[in-house]
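K.L.:
For the sequence shown, my numbering gives the first residue as 12, with consecutive numbering after it.
Hints are computed from structural coordinates only; laboratory data are not their basis.
It is possible that some hints are incorrect.
As the list claims (entries may be wrong) - SDA-like mimics (lysine to any residue), calculated; alpha carbons at most 25 angstroms apart, straight line:
| no. | residue 1 | residue 2 |
| --- | --- | --- |
| 1 | LYS190 | MET167 |
| 2 | LYS364 | GLN406 |
| 3 | LYS297 | GLY316 |
| 4 | LYS459 | GLN406 |
| 5 | LYS190 | GLN203 |
| 6 | LYS364 | ARG331 |
| 7 | LYS259 | LEU269 |
| 8 | LYS364 | ALA301 |
| 9 | LYS259 | GLY179 |
| 10 | LYS297 | TRP275 |
As the list claims (entries may be wrong) - Simulated restraints, written as ranges between beta carbons of each label pair:
| no. | residue 1 | residue 2 | range |
| --- | --- | --- | --- |
| 11 | ASN333 | ASP170 | 33 to 43 angstroms |
| 12 | ALA451 | GLN262 | 40 to 50 angstroms |
| 13 | GLU414 | LYS173 | 22 to 32 angstroms |
| 14 | LYS364 | GLN262 | 28 to 38 angstroms |
| 15 | ARG45 | GLU414 | 21 to 31 angstroms |
| 16 | GLU79 | ARG220 | 32 to 42 angstroms |
| 17 | PRO89 | ARG45 | 21 to 31 angstroms |
| 18 | ALA78 | ASP447 | 27 to 37 angstroms |
| 19 | SER169 | PRO212 | 36 to 46 angstroms |
| 20 | ASP354 | LEU299 | 48 to 58 angstroms |
| 21 | HIS207 | GLN262 | 32 to 42 angstroms |
| 22 | SER367 | LYS173 | 15 to 25 angstroms |
Just so we're clear, the structure is a prediction, and the values are computed from it rather than from any experiment.
Heads up, the beta-carbon is just placed ideally off N, CA and C, and yes, glycines get one too.
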Amino acid sequence: MNNPLFTQLMAKRQPLKQGELPFISVVTPTWNRRAFLPYLLYMFQYQDYPADRRELVILDDSAESSAELVATLTRYAPHPELIRYYHLSERLTIGAKRNRVNELARGEYIVCMDDDDFYRPDKLSYTISEMRRHNALFAGCHVIPIWYSHVNRIFMSSDQGKRNVLNGTFAYHRNFLKKHRYDDSATLGEEQGFTHNFTAPVLLLDPWRSILCVSHSSNTFDKDFVLGSCEAQHITLDEAVPDAFVRKFYQRLHQAPLSQQPDWMFFHRVVLVGEDDALLSAFNHKLLAAGLSAAQVECMAPVEGDARLTHLAVTQRAQRENWPNYLLLDSRLDWVRQQRCIDALNRLLRALKHISWDGFHLAAEIEAGNILTQLPGVISASVQSLPHLACCVNQQAYAPLIERLQDQLAKAGYLNTADLRWFALYPSMFFRSEDDDGQACTARFFRKLGVVPHVGAQEPQ
Numbered sequence: 012m013n014n015p016l017f018t019q020l021m022a023k024r025q026p027l028k029q030g031e032l033p034f035i036s037v038v039t040p041t042w043n044r045r046a047f048l049p050y051l052l053y054m055f056q057y058q059d060y061p062a063d064r065r066e067l068v069i070l071d072d073s074a075e076s077s078a079e080l081v082a083t084l085t086r087y088a089p090h091p092e093l094i095r096y097y098h099l100s101e102r103l104t105i106g107a108k109r110n111r112v113n114e115l116a117r118g119e120y121i122v123c124m125d126d127d128d129f130y131r132p133d134k135l136s137y138t139i140s141e142m143r144r145h146n147a148l149f150a151g152c153h154v155i156p157i158w159y160s161h162v163n164r165i166f167m168s169s170d171q172g173k174r175n176v177l178n179g180t181f182a183y184h185r186n187f188l189k190k191h192r193y194d195d196s197a198t199l200g201e202e203q204g205f206t207h208n209f210t211a212p213v214l215l216l217d218p219w220r221s222i223l224c225v226s227h228s229s230n231t232f233d234k235d236f237v238l239g240s241c242e243a244q245h246i247t248l249d250e251a252v253p254d255a256f257v258r259k260f261y262q263r264l265h266q267a268p269l270s271q272q273p274d275w276m277f278f279h280r281v282v283l284v285g286e287d288d289a290l291l292s293a294f295n296h297k298l299l300a301a302g303l304s305a306a307q308v309e310c311m312a313p314v315e316g317d318a319r320l321t322h323l324a325v326t327q328r329a330q331r332e333n334w335p336n337y338l339l340l341d342s343r344l345d346w347v348r349q350q351r352c353i354d355a356l357n358r359l360l361r362a363l364k365h366i367s368w369d370g371f372h373l374a375a376e377i378e379a380g381n382i383l384t385q386l387p388g389v390i391s392a393s394v395q396s397l398p399h400l401a402c403c404v405n406q407q408a409y410a411p412l413i414e415r416l417q418d419q420l421a422k423a424g425y426l427n428t429a430d431l432r433w434f435a436l437y438p439s440m441f442f443r444s445e446d447d448d449g450q451a452c453t454a455r456f457f458r459k460l461g462v463v464p465h466v467g468a469q470e471p472q
């Protein structure tokens with residue numbers, strides 16, 4: 012990325028002089044994140060901590076080096092010699108890599124910054140000021156705000172305990188390393204070994220001044236399912252990330268270009284349900300823009316009263332008119348526009364062409380189910396909450412579904428499909444931001460089930 016504007020912006024960011032402050036090292040292990048490195052460098056450069064009192068140490072074990080990119084982008088930095096990039100030819104575990112980057116650090120204080128998260132301009136000055144004021148050897152956050160790019164919402168992570176701090180917020184004095192080291196074998200959750208099973212005394216920092224964790228399709232671990240234990244925040248991305256240069260990059264993560272669209276031709280009819288004509292029309296337009304044929308679309312208003320009656324009416328019509336299958340979509344849904352969701356759907360559609368199946372969900376509050384080892388992103392669903400919001404039903408299941416939608420269990424708000432070949436995208440491809448009472452409900456569509464990998468009769472072969 013040889014962008015003159017970017018290099019000029021980096022050179023313009025002159026940090027405020029604040030007298031003699033301790034020299035600090037910002038350490039960043041990275042792998043296969045070349046696209047994120049320019050923004051890491053930018054956020055390091057715009058810190059208001061004195062430029063001659065800090066260094067950035069990047070340790071990269073990607074297959075290809077980004078040394079030339081880093082050199083180009085830091086050419087006009089006030090102190091390019093304090094931005095040190097190291098490329099390793101061997102792949103290391105995250106535990107071993109963090110130990111290695113700590114060994115390379117020269118600072119009295121060491122601050123962890125991940126390669127893909129957002130940090131405010133006062134991140135370093137705030138952190139070091141708090142640590143010196145409290146004479147703390149170790150600091151961090153036990154909860155963090157997370158922006159989920161696929162739903163464009165910010166959530167606060169759940170509180171797992173005051174000492175269960177998260178690595179992307181770690182800051183420690185060099186003396187702390189005399190008794191603390193990462194487990195070289197750790198491939199995930201490396202915090203546990205470094206903190207001696209979360210027993211190390213820690214100064215808790217303000218999460219909003221420390222980090223905005225960015226969840227995206229290239230994360231080293233899948234944050235989609237963390238969302239179910241998080242608390243929705245009312246702050247928007249625009250408010251949380253005031254810097255337009257960085258914010259524009261994050262917005263592209265939310266609206267990432269798609270290399271492939273859903274295989275819409277699998278569906279005989281796509282029934283769009285909505286009582287708001289403008290909302291229904293806008294939803295229809297989005298689907299048509301994504302490749303859905305107008306000839307497949309049927310629009311209808313919801314049946315008044317019990318919400319399950321709408322799906323009942325659709326199924327009864329499909330039975331009368333002998334539809335091979337149908338996809339029901341609630342027009343109040345938002346669409347997760349990420350390639351991995353579409354890939355999971357298309358894998359499922361290809362598999363269904365070779366097996367007997369009854370139905371599947373593209374969005375649902377799944378109460379019980381089993382993971383399918385052969386279909387990533389898909390589960391066998393046995394109990395779902397009603398009403399159905401994004402559901403495909405095969406012709407052979409019309410009669411049993413009609414019967415179940417009419418029984419007492421459905422009236423209680425649940426549908427049992429344990430004896431049917433019923434599947435669901437996991438996590439959902441569509442979701443609702445608010446329920447009918449105006450309460451936040453996004454997390455319900457991304458809840459992680461307490462299930463174990465299962466291979467059985469329900470699994471496509």
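K.L.:
Hint by hint, say whether it matches the structure.
P.N.:
Hints, one by one, checked against the model:
no., hint, in the structure
1, LYS190 x MET167, "violated (31 angstroms)"
2, LYS364 x GLN406, "holds (13 angstroms)"
3, LYS297 x GLY316, "violated (28 angstroms)"
4, LYS459 x GLN406, "violated (30 angstroms)"
5, LYS190 x GLN203, "holds (14 angstroms)"
6, LYS364 x ARG331, "holds (23 angstroms)"
7, LYS259 x LEU269, "holds (18 angstroms)"
8, LYS364 x ALA301, "holds (22 angstroms)"
9, LYS259 x GLY179, "holds (22 angstroms)"
10, LYS297 x TRP275, "holds (13 angstroms)"
11, ASN333 x ASP170: 33 to 43 angstroms, "violated (54 angstroms)"
12, ALA451 x GLN262: 40 to 50 angstroms, "violated (22 angstroms)"
13, GLU414 x LYS173: 22 to 32 angstroms, "violated (52 angstroms)"
14, LYS364 x GLN262: 28 to 38 angstroms, "holds (37 angstroms)"
15, ARG45 x GLU414: 21 to 31 angstroms, "violated (55 angstroms)"
16, GLU79 x ARG220: 32 to 42 angstroms, "holds (34 angstroms)"
17, PRO89 x ARG45: 21 to 31 angstroms, "holds (24 angstroms)"
18, ALA78 x ASP447: 27 to 37 angstroms, "violated (55 angstroms)"
19, SER169 x PRO212: 36 to 46 angstroms, "violated (22 angstroms)"
20, ASP354 x LEU299: 48 to 58 angstroms, "violated (21 angstroms)"
21, HIS207 x GLN262: 32 to 42 angstroms, "holds (40 angstroms)"
22, SER367 x LYS173: 15 to 25 angstroms, "violated (52 angstroms)"
In this structure, the earlier hints numbered 1, 3, 4, 11, 12, 13, 15, 18, 19, 20, 22 are contradicted, and the remaining ones agree with it.
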